[in-house]
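Knowing the structure of chain A, use the given hints to seat chain B with the ligands on it.
Residues per chain are reported as follows:
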Amino acid sequence: MAEPDATVIDGVLASCPDTVKKNRKKHLVVKNEAAGCCQQIEANTRTIPGIITQRGCAYAGCKGVVMGPVKDMATITHGPVGCGYYSWGTRRNKARADERTPADKIYSQLCFTTDMQEPDIVFGGEKKLAKMIDEIVETFHPRAINICATCPVGLIGDDIGAVAKAAEERHHIQVVAHNCEGYKGVSQSAGHHIANNNIMEKIVGTGTERKPGRYVINILGEYNIGGDGWELERVLEEIGYTVNSIMTGDSSYLDLKNLHHADLNLVMCHRSINYIAEMMEKKYGIPWLKVNYIGIGATNESLRQMARCFNDPELMERTEKVIARETARVMPVLEQYRKICEGKTAFAFVGGSRSHHYQYLLRDIGMEIVVAGYEFAHRDDYEGRQVIPTIKTDADSKNIPELHVTRDETLHREPNEYLGITKEEYEDLKSEVSLNAYEGMYPNMRDGEIMIDDANHREVEELVARCKPDIIFTGIKDKYVSHKMGIPSKQLHSYDYAGPYALYNGAVNFARDVSEMLLTPAWKLIVPPWEQQNTTEGEPNA
Amino acid sequence: MLECLPDKAVTHTAGKINPAKTCQPIGAMYAALGIHGCLPHSHGSQGCCSYHRMHLSRHFRDPVVASTSSFTEGASVFGGAANLKTSIKNVFAIYNPEIMAVHTTCLSETIGDDIPNILKQAEIPEGKLVIHVNTPSYQGSHITGFSGMCKAMVQYLSESDGVQKAQVNILPGFVNPGDMREIRRIVHEMGIRMIMFPDTSGVLDAPMTRKYEMFPAGGATVAEIRDAGNSALTLALGAFASNAAADLLQEKCGVTGIPLKLPIGLKATDAFIMALSDWFGTEVPGSLSLERGQVVDTLLDTNFHYQGKTVAVFGDPDHVIAMTEFLITMGMVPKYVLTGTPGKAFEAEINGMLGEAGISGSKVKADGDLFELHQWIREEPVDLLIGTTYGKYIARKEDIPLVRFGFPILDRAVHPLMPVVGYRGCLRLIEQISTALLDRRDRDALDEDYELIL
Ligand code: SF4
Ligand code: SF4
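Protein sequence lines correspond, in order, to chains A and B. Numbering-wise (our numbering), the first sequence opens with residue 1 and increments by one. Numbering-wise (our numbering), the second sequence opens with residue 1001 and increments by one.
Treat the hints loosely; a few may be bogus.
Pair ranges (Cβ atoms, derived) [stated by the list, open to error]:
1) 207/A x 1411/B: 36 to 42 Å
2) 104/A x 1112/B: 43 to 49 Å
3) 332/A x 1411/B: 33 to 39 Å
4) 1397/B x 134/A: 21 to 27 Å
5) 157/A x 1120/B: 28 to 34 Å
6) 134/A x 1223/B: 52 to 58 Å
In silico DSS-like pairs for lysine-lysine, Cα to Cα no more than 30 Å straight-line [stated by the list, open to error]:
7) 127/A x 1008/B
8) 1211/B x 344/A
9) 1085/B x 22/A
10) 21/A x 1128/B
I should point out that these hints are in silico values taken from the structure, not numbers from a laboratory. From a predicted model like this one, the values you see are computed outputs, not experimental measurements. All C-beta atoms in this analysis are idealised placements derived from N, C-alpha and C, irrespective of residue type, glycine included.
So that you can see chain A by itself, here it is in the shape it has in the complex (with noise of 0.2 Å):
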């Protein structure tokens, strides 16, 4: 490949105005490893007007991500009909009945929005709404409800809250709403943020539960996309964990009541749950633990940090015994897929955590991603939680309340004890083990590779152009401008609606899948015959 640096950035961006070019030009950044630590990257900060860029909007973080998967749920969306519609089954949060859930408790597949109408517009849409959630409760019975505002509904003044709150009062059961108009933020994050106070101030802590078992775990930031979180849940279950709740894919309501019965919370996505995790920890004093399960490598180290953690003998033998057992399993199945991507550069636009963790898996089949970027991540995703306490507001975060908790007296217990450990094993651990912290993506990527923050249309153009990948990961709407440039692109929101994409069962899928979409016969057949000049023409990948 032509390989990046640093004049690479200055070309990408030459056909912008000078603007434009001022602005983007903090948002991309070439790893430096003689300069040590991370420049700063300018992250969560607003799009620039007409660019075509790859954000959502905060309705699609709160509604479509975090609180929309909640099977028990009946979820309203309050609004005219297209957010709800959109939102409607195209996350693949798989989620399926057990005995705390039954079938008939499930609404995951159903739709529910006010489709608010011009006169809803002008006098107002709670009555339509109070009257919704009277029909709902009637017909389905939920245990709670959640009411996720879009855009008109703050313009106009709706009281959700009022309506969510004489609703519980009607019909005995919790209806939380959420004021996650679209337009608040700069992007999906800010629904991310909003959802998380709302489940922390209003749900966790309320149940009284604590499932059986000595390692009580809550996987948190999971959305069990493809079936990520069961593949997680079958090795944890066997080391000897018990799951509390998986945050928020296959989750219900009940387990999210119990969320704070658990001795260590798990972060996969840093982005879209860190604030849970931090909030659960000053609050009840549990330690939170990034992992990263994307990548056999990333997956025995997750398994050791999590054994560690509570120091047991027991479990951590059960613990290398378990990745013994898989990675000899898996290993010589990816060495086969080696053979076909080895050498590879790939592209990835994700997220915001997979751009990073997908860079651990795809070394394993000896691909290296070459520019990575967030479409709503903010600098910490990038540089490392270190850099919180740098990170100025300006207005557009400022208008996300920051929800401020405090140590819960009765609960609240002192990290250690969670994990069964002494205040000075956990000291000791800690040095060890990058307890309730994140280094971000900076350290893990090469020098010379790019990172870019809300990449857009052209950007993304100009760098294939100049660093011709063999392969790019991102979403749909960039998946087909990726294959009309003759480069094959797979999605990794929706993994093409293939997976389960994580620890041993997963990496084997995604190898085998990376693996078919390099060797699809037709790259091979672009161009026709009669046009065929020298034959190199017609193979992109070859």
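Structure of chain B with the ligands alone, referenced to chain A:
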């Protein structure tokens, strides 16, 4: 799943459960993609644009590029004029389209941005154009948004030079690029000059060449849409999607507009061809008579595969109206007919067709939702379901075969390239419907009833 559903039909009055429509801007965005060199622009917050691009990409499996005014809270409070002006500047500087087609969203509508006024103040480069349509989603549906953008094309672009040309304008309605190609082929077979707008063929069914073009070769050119004002006739295919633009064209440029059904099914295709033939005095070529004859032949060969079977049809009003007519032609019984788009004309038209065919006891509804449809089916089942991908939950739960038809189809490929319009479309629909029913019969057959030939 869906064990949570009640057994009996229930009436719900507030809001929608499983809507059978979506919001206006996505229709406007789709129509705008049917102008050559056009960048659709969504005036509002990013989420809407992102959702619309996503959804269109999933249906067409092709790039759908559009820009957004990227509102944050500030713009929501102070108005979006600055965002739109900046957008226009950046869009022309960076992406260089011929024309930008702005549509509003709920947000910019609710704050009341005055788009024509903002456009007057914006810096639009020489030779470039910006058109707009208001698409608040608390009215109508994606079909209304499509209709609105078609009307905007006429309003901004079409002009009459006072000399009428022997050419026809075709407003194809909210159909796939494959349908648009097929309509064009039929008109060409007739030997008549035509202007079709919008025309997404070549844009959303673009070939793979390894050269990415942000503005692919397809689409109606601005010059063509302008020249539509000089045509002798406009055929508005599908009242909901196309009448508004045809009416305006008549009012503005004096071009006679004839409203027709979408040419889906035998009778509607006949009507389309007759309208062309009557107006231009052209004889219908043998090639089309041959195609028509094949359809009638097939209907007679296969009637026992489907005749008398009951069907539930849902989707966009123009699609459903034409499909219902064809189902009646096939001898099937449309038992439940539903669209999500509001409009009483829909119910009147369907009830009229059913009445004429002597079919009674059917339920017909505009502005309905799929939860209602599902509950009707649970109370009294049908043999076949015809509609969009969203019908697959009903199909599975009630164990009814589904023929995918209309917009969107998110879980099957190739459909945007394969026409359902015209006589070829008839054959395709007959094949899909009879195959679905026969597959079902094979699957259910006892060993002793399982037969080689059906
Ligand atoms: S805010 Fe309005 S325009 Fe945007 S997606 Fe929702 S319904 Fe559609
Ligand atoms: S990894 Fe990405 S796609 Fe996933 S939840 Fe986080 S932000 Fe979203």
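To see whether the hints hold, each was checked on the structure:
1. 207/A x 1411/B: 36 to 42 Å: 37 Å Cβ-Cβ, so the 36 to 42 Å window holds.
2. 104/A x 1112/B: 43 to 49 Å: holds, 45 Å
3. 332/A x 1411/B: 33 to 39 Å: The hinted range 33 to 39 Å holds for residue 332/A and residue 1411/B, with Cβ atoms some 35 Å apart.
4. 1397/B x 134/A: 21 to 27 Å: holds, 25 Å
5. 157/A x 1120/B: 28 to 34 Å: With a Cβ separation near 31 Å, residue 157/A and residue 1120/B satisfy 28 to 34 Å, so the hint holds.
6. 134/A x 1223/B: 52 to 58 Å: holds, 56 Å
7. 127/A x 1008/B: holds, 26 Å
8. 1211/B x 344/A: holds, 21 Å
9. 1085/B x 22/A: Holds. Residue 1085/B to residue 22/A sits at ~19 Å (cutoff 30 Å).
10. 21/A x 1128/B: holds, 23 Å
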